[in-house]
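Engineer: Each chain, written out:
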Amino acid sequence: MTVIRLAAAALALIVATGAQAAEKSVAITQIVEHPALDACRQGVQDVLAEAGFVAGKTLKWQYESAQGNMATAVQIARKFVGDAPDVIVAIATPSAQAAVAATKTLPIVFSAVTDPVSAKLVSNWEKPGANVTGTSDMAPVDKHLAMIKRLTPGVKRLGFLYNPGEVNSVSSLEALREAAKAAGIEVQEGAAPKSSEVLAAARSLIGKVDAFYVPTDNTVVSAFEAVVKVGIDAKIPVFAGDTDSVERGAVAALGFNYYEVGRQTGEVVARILKGEKPGDIPVSGVRKMDLWLNLASAAKMGVKVPDAMVGEATKVFR
Amino acid sequence: MSLIAFLGTLETGLIFGLVALGVYLSFRILQFPDLTVDGSFPLGAAVSAVLIVGAGVNPFLATLAACVAGAAAGLMTAWLNVRLKILHLLASILTMIALYSINLRIMGRPNIALLGETTVFSPLDALGISTYVAVPAALFVLIVAAKLAMDWFLNSEIGLAMRATGANARMARAQGINTDFYTLLGMAISNALVALAGALFAQSQGAADVTMGVGVIVVGLAAVIGGEAVILPRTIFLATLACVTGSLLYRLAVALALNAEFIGLKAQDLNLITALLVAAAMVLPSVRAPVKRALKGDTRIVGPLK
Chain F
106 MTVIRLAAAA LALIVATGAQ AAEKSVAITQ IVEHPALDAC RQGVQDVLAE
156 AGFVAGKTLK WQYESAQGNM ATAVQIARKF VGDAPDVIVA IATPSAQAAV
206 AATKTLPIVF SAVTDPVSAK LVSNWEKPGA NVTGTSDMAP VDKHLAMIKR
256 LTPGVKRLGF LYNPGEVNSV SSLEALREAA KAAGIEVQEG AAPKSSEVLA
306 AARSLIGKVD AFYVPTDNTV VSAFEAVVKV GIDAKIPVFA GDTDSVERGA
356 VAALGFNYYE VGRQTGEVVA RILKGEKPGD IPVSGVRKMD LWLNLASAAK
406 MGVKVPDAMV GEATKVFR
Chain A
197 MSLIAFLGTL ETGLIFGLVA LGVYLSFRIL QFPDLTVDGS FPLGAAVSAV
247 LIVGAGVNPF LATLAACVAG AAAGLMTAWL NVRLKILHLL ASILTMIALY
297 SINLRIMGRP NIALLGETTV FSPLDALGIS TYVAVPAALF VLIVAAKLAM
347 DWFLNSEIGL AMRATGANAR MARAQGINTD FYTLLGMAIS NALVALAGAL
397 FAQSQGAADV TMGVGVIVVG LAAVIGGEAV ILPRTIFLAT LACVTGSLLY
447 RLAVALALNA EFIGLKAQDL NLITALLVAA AMVLPSVRAP VKRALKGDTR
497 IVGPLK
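As they're listed, the protein sequences go chains F and A. So in the numbering used here, spot 189 of the first sequence is number 294, and the numbers just go up one at a time. So in the numbering used here, spot 256 of the second sequence is number 452, and the numbers just go up one at a time.
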C-alpha cells in the first residue's frame, strides 16, 4: 500500500515539475552561509517577489551553498549550467568565478563581489557585453574618508585593520590608499589573519595612528569589540565600514547593508527575466547608504560630533 | 543529474584523484599524516596563476613550477620531522600555516582570476569538442598516467625501500635503508602531486584563491579510505585504483547531496549529507560479504552484521 502511495506521490511530483516548465527559473549559488550574504540573497528573493516572480509559486527558485568549499562551488556551478535556468545568481567572488568558468551563454548576475574587473568576471563596468553583469559591494572609501575627516579634522595617520587574506579588504585598502593620498592622509596597516589576532593588530598601531578604520572585513568585524577596547583605552576613534558595528562601539559608519545590495541585484535579475540582455546592463555599485552614529563611543574616544551630523544620521546611539 | 553536471563531477573528481594519490603516498605508504596538503594545494594554484597571469609564462611550464613548489613544501615538512624531530602531525601543521602567508606573498593578493587566460586546457579548444567533454577526457588520460607511474614507482627498488620505511622503519634501517631520505623523497612527491592538482583546479575553475586549500586533506583522506572500502587494496595496482575511484565517489556523493532537495533537504545540509554518504561507502565492505552469500543462496547463519 505504502509503496503505491509513494509511487503516486513521486509521480505527482514529476507531473508538477513538468507543469512548471514554462515558468521562469533562477538558480542561486553562494560560497558560504553568513549573515551578510544571506541577507543579500533575501534581498534578491524579495525584489523578485515584488516584481511578480514569487519563489516557489511563479518562479522556480534553486539555492545551493558551497559551505566554504571551492571544489563544491565548482560542482554547484556545473549543476546549474546543466539545469539551464533563466538566470544564475552568484553571491561572492569565488562562486561567481566558478559560474563564469562554467558557462559563456547562460545569463549570470553576481552580487557582493567587490572588484568584478580584477576578478575577471566582466571587462568593464559600463557595458559588460558578454553573459555576465551584477552588483559590486565595493565600499565607497572616498565617502568614508570624508566622513572621518569631518569627525576628526586633525587626522593625519589612519590605521586600517584587516585580514590580508580577504579579497574585499585588500581591494578596499588599495582604493583607500588612492583616496588618502589625495587627502594628505597616511595609511598604516594592521594585519590580523585570524580574529584572535585583532586585539594585537590594533594595539600595534597605538601611537602610530590618529584614528582606526575597519572595513567590511569578516575577520576584524567578528572581533570588533577588541578594536573598540583599544580605541577607548588609547583615545583613538574607531570608524567602521558597516553600520552594524556602530552599535558595537564604533563612533560612526557610513554604511550599506547587504540586504540593499541584494535588492539592487534582484532588480537586475528581474530585468533579465523580462528579456533584457546581461551584457547591456551596467555593473552597479552601492547606491543606498546610511550614516549611523554612536555618541557614547564618541565621548569615550574623544570625538566631538557636530550637531549637523547628528541631524543627518539615520540612527543615533547615545 | 544532468550530463553537464555529471561531467563537471568527473572533472573535479579526477583532479582530486591526484590529491588522493598524494595522500595515499604520505598517509598509507609512509604512515605520515600530512596536513601540508591544505597549504600545498593552494600553493600550486598560486604559483601557476602568478606565472601565467603575472609573468606570461607558458601554462605547462607554470604547472611544472607549481609541482616543484609543492615538492619544496613537502620537503619542508619532512625536514622538520626527520631533522628537527618535530612530531609529523605538528611538522605538517607548521608548514601548512606558514604556507598561508607564503601563498599570500606569492599572489600579492588573495584572489587571482584566470578566466580568459591561456591555460593548460586551452589547446583543447582547438579540438572542436565541447570543453565539458574535452577537459575531463584529458584529465582522465593524465590521472591514468599518474596512477600507472605511481604503480611502477612503488614497485621499483626505490619504491620498495620507501614502502619498507613506512611499514617498519627500524627493520628498514637494519637493512641499510636510509629512512630519512625516503621520507623526504616521498613527502616531496606527495605534495608535488597535490600542488599539481591545485594548479589544474585553479586553471579549470578560473581562479586561484588563498582559501581554496580549506578541507583538502579531508577530501583526500575520504577518497583514500572510501576507495579502499570499495576496492580492497590487495596490491599497489588496486590501491592506487582505489584512490582514484574513491575521489570520484566522493564527488558523486557531493553531487547527490546537491540533488537532495526532493527529500526536503536544504543547501545548509550539504556537508552532513556528504558525510553520511561517505560513511555509508565505508560501511559497504562489512555488508558486502553477507549480501553476496545471501545472493548465492547460502543460508548459513554466520553471525550478525558488523
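Treat the hints loosely; a few may be bogus.
Derived DSS-like pairs: lysine-lysine, alpha-carbon spacing no greater than 25 Å straight-line [claimed, not checked]: (1) F:K162 / A:K281; (2) A:K462 / F:K165; (3) F:K129 / A:K462.
If you're looking for bench data, these hints aren't it; they were derived computationally from the structure.
Engineer: Take the hints in turn and mark each one as holding or not.
Structural biologist: So, going through the hints one by one against the coordinates:
1. The hinted pair formed by K162 of chain F and K281 of chain A fails the criterion: a straight-line CA distance of about 63 Å is larger than 25 Å.
2. Proposed proximity of K462 of chain A and K165 of chain F is supported: the alpha carbons are some 15 Å apart, at most 25 Å.
3. Proposed proximity of K129 of chain F and K462 of chain A is supported: the alpha carbons are some 21 Å apart, at most 25 Å.
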